[in-house]
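Peer 1: Sequences are here, hints too, so could you generate the full structure?
Chains as they are written, first to last, in the working numbering: chain A, 1 to 311; chain B, 1 to 311; chain U, 1 to 311; chain G, 1 to 311.
Treat each hint with caution, since some may be false.
Same chains, same label: a pair holds when it works inside one copy or across any pair of copies.
[To be verified] Here are the simulated BS3-like cross-link-like pairs (lysine-lysine), alpha carbons at most 27 Å apart as the crow flies:
no. : residue 1 : residue 2
1   : K147      : K187
2   : K264      : K166
3   : K98       : K169
4   : K20       : K266
5   : K187      : K7
6   : K187      : K278
7   : K166      : K147
8   : K65       : K20
9   : K147      : K7
Worth flagging that the hints you see were computed from the coordinates, not collected in a lab.
What follows is each chain in one-letter form.
There are 4 protein chains.
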Amino acid sequence: MSSIFGKLFKVSTWGESHGKAMGAVVDGCPSGMEISEEYIQAFLDRRRPGQSLLTTQRKESDVVKILSGVFEGKTTGTPISLIIENEDHLSADYEAIKDWYRPGHADEAYDSKYGFRDYRGGGRSSARETVARVAAGSIARKFLSEKCGTRFTAWLDEGIEGEIEKARKDGDSIGAVVCLRIENPPKNLGEPVFDRTEALLAMAMMSIPATKGFEIGEGFNSAKMRGSEHNKLAVGTYGGITNGEDIFCKIAFKPTPSISLPQKAKNKNGETGEITIKGRHDPCVAVRAPVIAESMAALVLMDLWLQSISG
Amino acid sequence: MSSIFGKLFKVSTWGESHGKAMGAVVDGCPSGMEISEEYIQAFLDRRRPGQSLLTTQRKESDVVKILSGVFEGKTTGTPISLIIENEDHLSADYEAIKDWYRPGHADEAYDSKYGFRDYRGGGRSSARETVARVAAGSIARKFLSEKCGTRFTAWLDEGIEGEIEKARKDGDSIGAVVCLRIENPPKNLGEPVFDRTEALLAMAMMSIPATKGFEIGEGFNSAKMRGSEHNKLAVGTYGGITNGEDIFCKIAFKPTPSISLPQKAKNKNGETGEITIKGRHDPCVAVRAPVIAESMAALVLMDLWLQSISG
Amino acid sequence: MSSIFGKLFKVSTWGESHGKAMGAVVDGCPSGMEISEEYIQAFLDRRRPGQSLLTTQRKESDVVKILSGVFEGKTTGTPISLIIENEDHLSADYEAIKDWYRPGHADEAYDSKYGFRDYRGGGRSSARETVARVAAGSIARKFLSEKCGTRFTAWLDEGIEGEIEKARKDGDSIGAVVCLRIENPPKNLGEPVFDRTEALLAMAMMSIPATKGFEIGEGFNSAKMRGSEHNKLAVGTYGGITNGEDIFCKIAFKPTPSISLPQKAKNKNGETGEITIKGRHDPCVAVRAPVIAESMAALVLMDLWLQSISG
Amino acid sequence: MSSIFGKLFKVSTWGESHGKAMGAVVDGCPSGMEISEEYIQAFLDRRRPGQSLLTTQRKESDVVKILSGVFEGKTTGTPISLIIENEDHLSADYEAIKDWYRPGHADEAYDSKYGFRDYRGGGRSSARETVARVAAGSIARKFLSEKCGTRFTAWLDEGIEGEIEKARKDGDSIGAVVCLRIENPPKNLGEPVFDRTEALLAMAMMSIPATKGFEIGEGFNSAKMRGSEHNKLAVGTYGGITNGEDIFCKIAFKPTPSISLPQKAKNKNGETGEITIKGRHDPCVAVRAPVIAESMAALVLMDLWLQSISG
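Peer 2: What follows is the structure, given as structure tokens:
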């Protein structure tokens, strides 16, 4: 299993949702940039659960510590090691269903692939892994902001608060779309063949748990347009290369698979039964996703930026 | 600029649309598989233009030759070098507009990035580059077909022949959606963090010129569904890992940017003017895309397959 | 700056010699292997200074902790995060010479490259970085030992204890040669072109600080031999591929550059002067190197082993 | 099997010694540099056999053609595809011993690893593969020469012409040492941990067939020196980073394993017998190696140069 992202700005994440800690090593960050634990913390706080009625009440203080790579307040060019200790690692809620594969989850696939299942709640396929992405991404976005004035902003697509509240009351969950705008991206990022900006953004977004679709610019709508019409649009990439114009993306999230309603499930022995998943879960996984999407976009553009100045 | 795809099954493509030849080096193919120029040729023939009224009439016989890596009809495990000579490299049609950036094309971005523009027609950002992907992909699909019984089938989404014909008559072009079904994919491919099967498929599809969107499974539709409903669907990947069930994707293509209608354009000096693009162009770039999508999917699964048996 | 080693068994090391902690993330370790902090600790103890008169008296207890990737005593296939806290991070000894480039050290090159110098003692170019390599390497050697019965043994080449002791008394240092034997290496590792076993071993050994030469088999002696003679030797690799026979290497280490004798030095402003380096330093850097060489060899063979089973 | 070298300046070589052609794809070369087939040819001519009594009389005209990546005499930043057709692919000499593993060759290891043996003479493990490295390396050295004034010069270490001639007369072969000087290397290349300049040079040199040892600077001699002495030497790298001073290396080559004398050999069935290798072979493989060593060094420094400007 590999958990390394990027070619020159490489992020290696680690940690299980119910283990001792989560973390990331950021390898390849240029030297001389000011960075602090407080700066990174602000993004983790945006991702943290328990902040609104729309998210799970699980308590995670998610305090980040910098263990290396920063000296006298500045990056030194050496690997930046980030650690977030897990506080809430009681897994009593999972004990009851430890022999069952939760519907819509990776439990069965994981077990089949690795011959092993971390029944404490998803292991590396848990959404908790994204805490390390947000920490690492915050370093990339600071760099791009200072160097190029780039800004990443993502938000839930619709006025679906009502729908989310309804789903929660029903013990159910609901999907959603996240929109992402990249303002003032660096020019000349990306390459015309495999490493197109849109290809790398697509990969980054579709690596976020529970994603099912990605659009850039007009997306699927462009399939219905005529060339004379589409050629007139302002578009942020041509032939995979950024031109400095804003980039706009949409990402589709499926509904949270963990729901309170009783569900049919299988276990390791192939038996079927009905299970009920306890504990508190986000009724809409996309609610906490905007800062994750922004972070992944920052990692993509940072890596492309380093590549662009190398040749 | 990099034109290498894959981690273990690595494909290095080369060649400009109006140069001497196009090619690919396939690095990492296991030894002992029967392969012939005829087998590969069949897929190139599917991609070739000039086969129906819906595609351009440009003549490309696209004959592939194997230069290395195959001995006595079988792969030897060494790099397989594939070459397709370009026949139709007169660029008279491009001469008239060589100082102009074609609207909707990569011309300006390419020039800005590389300080250079191959005015003969797109260089590496030309759709012609995909001939090398199809050649390389055919080797991957043969391997997966024999080893795992995997089948890749892609097609144009709708009954849009009428729309395409109408666009052509108007000197215009139109976008379209390509559907892709992967039957009998190998089980346990992909990883739960960055290298999710859907992330790598998204990247592969969004690296095909003119793509604007990607969906897997229910795609954007899943954003409107409830968990109790979505959990019941048969889905080919969980947590990024394949489970052996069929995988279904959709890819959105924008309309061909080259249209016969006169268009406003810019040139290198920032002047604006009206240009007319001569020559024959596909009124719908997606018409030839199904075999390209199949090939890219085969490259992704082949690479994941090699990774999956390594650990 | 990159600190990642390997293609499939990837080790990402981090930490500065005088920072909070050192560490490694091991990405790509197969699941199901028993591993404990005690097992890893034994190798760190072999590397630790202060154990004999021949090494520095600096106190480093070097206690390793496993933060992720191990569940109920076994690897889970997820990234294994290892951390070793630094205890002895007083840098008073360095304060006096913080403006001077120590002769024979990386100080000036580092400053020139990164526009920055960690005057607390070498930063990432310090030999202390190797503690993370030994921790990561111990996981690889356990795997290879259990799977293939491979054994790594390295030792100081000669009876040079007397020479080392003499150098210490003189306030000077001395170089040495480390020998490495790999018994029972897995068969069929390595590839005939760039990724030859001997090339990767050479790279691994020459990435250890202070190394100046590498030999495999007869090494430079083979340059004086005739083919009829050399062809009869038992050799562990042919064409870069292992055949299961033992592999024998030698690695040359230069003398420790930190010596007590006064030396001419330069500073950042280009001025010259005489400096004296305080503190306790190994009079022979190679004394602690055997376990490092073994660890790097284990990382190379582990990575090649994963590659060999993938194709 | 992988035949790709480099991280940013990537060279993918292909071709078997007795197949249709040899070649390389150079991926990542910056745009705008003048390059011609004549320039590359000059280096291939230096490597070509049949030029002196000290090399084999096998006739290879080794004419290189550029198939892509160069437009109007200049690199375009796109992949440069180089091809050298094989002329001399009669393998009658090999027919007689096709069932036997030649002593000192990769035949047996190759067969064991790939379940296959290209009895026509070594396949990818043949020294002929290096023709593609020299072609690719010539592009790197032109770039470094023009950009930084870097010069690569390698030569046979000793006055061993007499020894070579004697070995030839005896139907035997002999090893040798190749020296390499890199004048005016770019400053600030390489990194302090794994990607040290000396580590990458070691890997590059030890990936040349028949190499057994590598030294940089004082090499094994430094193991006998004292720090007070070694610290005074002018050295081209500190902590793995170049400082602009010349770099000096030595590479040990074993004797050519193909000799005319009758030798004991094994075959696939484990039987032993005596074989005589016909055909003309270099009595000293190192005679043609200097231009190969220069080329590999150029590839290493070019790749590090691109990396150094990226961060």
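Peer 1: Could you run down the list of hints and mark each one as holding or not?
Peer 2: Hint-by-hint comparison with the structure:
no.: 1; hint: K147 - K187; in the structure: both (12 Å within a copy, 25 Å between copies)
no.: 2; hint: K264 - K166; in the structure: within (22 Å within a copy, 50 Å between copies)
no.: 3; hint: K98 - K169; in the structure: within (26 Å within a copy, 63 Å between copies)
no.: 4; hint: K20 - K266; in the structure: neither (29 Å within a copy, 47 Å between copies)
no.: 5; hint: K187 - K7; in the structure: both (19 Å within a copy, 23 Å between copies)
no.: 6; hint: K187 - K278; in the structure: neither (48 Å within a copy, 30 Å between copies)
no.: 7; hint: K166 - K147; in the structure: neither (44 Å within a copy, 48 Å between copies)
no.: 8; hint: K65 - K20; in the structure: both (14 Å within a copy, 11 Å between copies)
no.: 9; hint: K147 - K7; in the structure: both (20 Å within a copy, 25 Å between copies)
Hints 4, 6 and 7 from the earlier list are contradicted by this structure; the remaining hints agree with it.
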